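Peer 1: Line order of the protein sequences matches chains A and B.
Just so you know, we're using the numbering used here here: the first sequence kicks off at 1 and counts up by one.
Just so you know, we're using the numbering used here here: the second sequence kicks off at 370 and counts up by one.
Everything labelled a hint here was simulated from the structure, so no lab data went into it.
None of the values given here were measured: they were computed from a predicted structure.
For each residue, glycine too, the CB sits at the ideal point set by N, CA and C.
There could be a bad hint or two in this list.
[As the list claims (entries may be wrong)] Have a look at the derived ranges for each label pair, beta carbon to beta carbon:
# : chain 1 : residue 1 : chain 2 : residue 2 : range
1 : B       : E575      : A       : K139      : 23 to 29 Å
2 : A       : S44       : B       : S659      : 39 to 45 Å
3 : A       : S318      : B       : A555      : 54 to 60 Å
[Said to hold, decoys possible] Among the chain A residues that face chain B by a calculated CB cut under 7 Å, a handful are:
#  : residue
4  : V12
5  : F59
6  : P79
7  : F80
8  : N85
9  : T86
10 : F88
11 : A92
12 : F94
13 : H96
14 : Y100
15 : G106
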Amino acid sequence: MSEFTVELRDVVKRFPTPEGGEVFAVNHVTLQIRNGEFFSMLGSSGCGKTTSLRMVAGFEWPTEGEVYIEGRAMGHTPPFKRPVNTVFQNYALFQHMTVYQNVAFGLEMEGAGKQEIARRVGHALEMVQMTGMERRYPKQMSGGQQQRIALARAIVKTPNVLLLDEPLGALDLKLRKEMQLELKALQQKLGITFVYVTHDQEEALTMSDRIAVMSQGKVMQMGTPVEIYERPNCKFVADFIGTSNFMEGGVKSLENGRASVFVPILNAEVTGYAAENVSVGDEVAISIRPEKIRLADKAGLTQNCFEGTVVTTSYIGSDTRLHVDINGLTLKVWEQNKISSLDPAAYYTVGQKVWLTLFPENTLVLPKD
Amino acid sequence: MNPYRRSLFIKIATVLVYAFLYTPIIVLIVFAFNSSRTNVLFGGFITQFGPLVMDGSTVVQSPCGPFHWFCELGKNAEVMNATKNTLTIAIISTLSSVVIGTMAALALQRYSFKLKPFSQLSLYIPIVIPEIVMGIGILVLFSQVFTFLNGAFNLAGDSRLTLGLPTVIVSHIAFSIPFVTLVVQARLQGFDKSYEEAAMDLGANELTTFWRVTFPMILPGVLSGGLLAFTLSLDDFVITFFTTGPGSTTLPIYVYGLLRRIITPQVNALSAVWVLVIFSIVLLIQKLQSRAA
Ligand SMILES: Nc1ncnc2c1ncn2[C@@H]1O[C@H](COP(=O)(O)OP(=O)(O)OP(=O)(O)O)[C@@H](O)[C@H]1O
Ligand SMILES: [Mg+2]
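Okay, chain A solo, but in the shape it has when bound (with noise of 0.2 Å):
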């Protein structure tokens, strides 16, 4: 068996719009995901990911490249021969049978008997914490149940792949938490595959192994969550994925890894990692997290260490959120609050004088998209 348990290559999926021309829902998408692990799709919306997923559950055809699952090409395989199974995002729950029925009916397919069903319907449903419920009718429960028994009619079948479409989408903030941790901790016990669309970021990052950054069709970046954070690859990523500062300026050396930036705004060069594909002379954009500049009351480095005006600041408990001006250039500055103090003196004004301290290892060079 391949390496790979889904992996799409070089998929493209064109669809006709009402005016006769066609638009890429998904353009030229190569993704490897591996066995057991967690991997999500993570976009706007509109950026093509349910698109992509349908296409692995079958109910979409590529219309270039190939669909691979577990080694073996798809082609035009209908979805109830492929070794999948999917929790929607609206859940698709039959309306008109019980829970029982519902979580029995892939079973049924299989031609499971009749005790064999009851066994792994109990176990499914006991699995998603439900049992007791099995009498019930979709319309009879709630949001969050409806969604665990979705989630249970899915796994029953034990497919070596779940593809979930924002399955937290409906639900309210608190239960979306609770639910992350707990289908994050059903996918460890499963060892399964889990393919995962969401467009909140935040749900990617705490539950994946690796995550697709999609935009507009296409992966931007592929990673695990540190690597998407810490090192985005281009500037869309650094600035989909959490906050950042840009700048903008002309790479004038590169070495080790390392490259200065000529930025006019500044009329100073700034040193930071190069991302891979950026080459002497490219206009490029400097990138930085706001929590990763270093505000002092002094210069510290000769390089990448500017002097600016604190614009507007704002205390949020855990950190202090400032807006700092360099020559117009507005920078976002996030203090955390590690000392306790009451003391006005102990936090930043408006008005004041700062040095921001742009650490080469904390500024990304990234191409200009």
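We have chain A already, so just place chain B with the ligands on it with the hints.
Peer 2: Here is chain B with the ligands on its own, set in the frame of chain A:
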């Protein structure tokens, strides 16, 4: 509290609407118990049981008592035959048009094809054009086809193709299909295809998906469509009039025939039974639907 005031005007209007709609039916049913043979005058109820005694055109005593005209109806072979024809036509045409109409509705929902806007529009045509035009059209069609076939196969005498029960059934199927399709389509409006996808995802093939998931979900629509087709077929006069032949008389045609001769309270008795049957069907379907929901 309901924020809407119930003014006197609304009350009066309501009573008037009910009076206007139901008085004819009530009068009709009351006259079914009329002791007078002439249907215009109400001669009081028949109160005495026993062998038939008549006084002029008034029934004084009957073996069935007040239900005299219902008994007469039961003995009337023509009525029984017409009833049999009507039910045969209604049942066959309902079943066929439900199957065809539902399939059409599903096709129009699922697929997009070149002639789709035209197909959708063509559903309304049989509904909006005057029934008499449709009746004449069907008659012309049948007579042309039959003339051709009789000539081509040298059919003569009894083996000749003529108008009869089959032609009535075919034309009833034809005019019922659009009604069924439109009713089922309305039900499909809010139908989310993710239910079918979920079934397939769980291992059901297309056929199983249809019978286990799609069909139960659209069943209320299919039942309403079927009920509509059934009642339309039961009381259709115009199209039946053009396509019926000897021996395939239906109840509406029979009653119309009676009206031109004498109207005895038998007609009322027949109508009363008819109203009762249709009313029961409607109640039944409503009960089924509310249970499904
Ligand atoms: N059946 C379809 N016909 C035409 N266009 C479609 C179809 N399905 C999706 N699209 C288009 O493809 C693009 C991607 O859609 P998709 O549903 O995959 O987005 P998504 O990333 O899941 O977004 P969301 O977060 O809003 O669910 C969109 O521009 C959408 O309009
Ligand atoms: Mg989506």
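Peer 1: Work down the list of hints and note, for each, if the structure agrees.
Peer 2: Hint check results:
no.	hint	verdict
1	E575/B with K139/A: 23 to 29 Å	27 Å, holds
2	S44/A with S659/B: 39 to 45 Å	44 Å, holds
3	S318/A with A555/B: 54 to 60 Å	55 Å, holds
4	V12	21 Å, violated
5	F59	5 Å, holds
6	P79	4 Å, holds
7	F80	5 Å, holds
8	N85	6 Å, holds
9	T86	5 Å, holds
10	F88	5 Å, holds
11	A92	4 Å, holds
12	F94	6 Å, holds
13	H96	5 Å, holds
14	Y100	14 Å, violated
15	G106	4 Å, holds
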